[in-house]
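Following the hints, position chain U against chain B.
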Amino acid sequence: AQSVSQHNHHVILSEAASLELGCNYSYGGTVNLFWYVQYPGQHLQLLLKYFSGDPLVKGIKGFEAEFIKSKFSFNLRKPSVQWSDTAEYFCAVMGSSASKIIFGSGTRLSIRP
Amino acid sequence: DAGITQSPRYKITETGRQVTLMCHQTWSHSYMFWYRQDLGHGLRLIYYSAAADITDKGEVPDGYVVSRSKTENFPLTLESATRSQTSVYFCASSEYLNTEAFFGQGTRLTVV
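So the sequence lines, in the order shown, correspond to chains B and U.
The opening residue of the first sequence carries number 98 in the numbering used here; numbering runs sequentially from there.
The opening residue of the second sequence carries number 2 in the numbering used here; numbering runs sequentially from there.
Bound conformation, chain B alone (with noise of 0.2 Å):
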């Protein structure tokens, strides 16, 4: 069975700090990795996406996730963050043989201005 887990609930930082949110996933195949932003009271937008090739994907609003295989990680990462990054972001896989997408819990990015 596929899953995921992302470990920061909750993150609070600065503006123009460096971000960095964890995703590890479960999976005995090969995956397709996601990661999708809410904005409050909005519904879920692609951020960015991972089916194969180069294992560091760049995503729009300046985003970018490395995918590691062997450690079954998908960090997301902005080196510097914008008050209006301020969203709920959620981690996603798919496992190859599989038909449904899952996600993970969630962190909560909130920017101090």
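Since the hints were derived computationally from the structure, they do not count as laboratory data.
Watch out, some of these pointers could steer you wrong.
[Claimed, not checked] With a straight-line cut-off of 30 Å between C-alpha atoms, the simulated BS3-like cross-links for lysine-lysine are:
(1) B:K168 <-> B:K158
(2) B:K168 <-> B:K146
(3) U:K12 <-> U:K71
(4) B:K155 <-> B:K166
(5) B:K166 <-> U:K12
(6) B:K146 <-> U:K12
(7) B:K146 <-> U:K58
(8) B:K146 <-> B:K166
(9) B:K146 <-> B:K158
Relative to chain B, chain U alone:
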């Protein structure tokens, strides 16, 4: 307008009542999903569907029923609502197995 829409956006119902949440997508995506979002649990998959007339259970299917007679619709029914089903429900669709899922705006359901 193309997209995925959920209705109603807000619903209050009483314990024991049956309630149906609607989800409609205009892309003819094959895959559709229902999730519930609860504090501390993130999004949990209730049911999903790979095509019309094909549905399968997710992580938390108990107390819910789905159907998919048409590709574009994927209603979720709570047969006898309980307070523990108070949640925000999100519907999503994706074109293929390994592509991005697009989410609806959500339905906030309160069971009193």
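Numbered hints the structure breaks, given as an ascending list: 5 and 6
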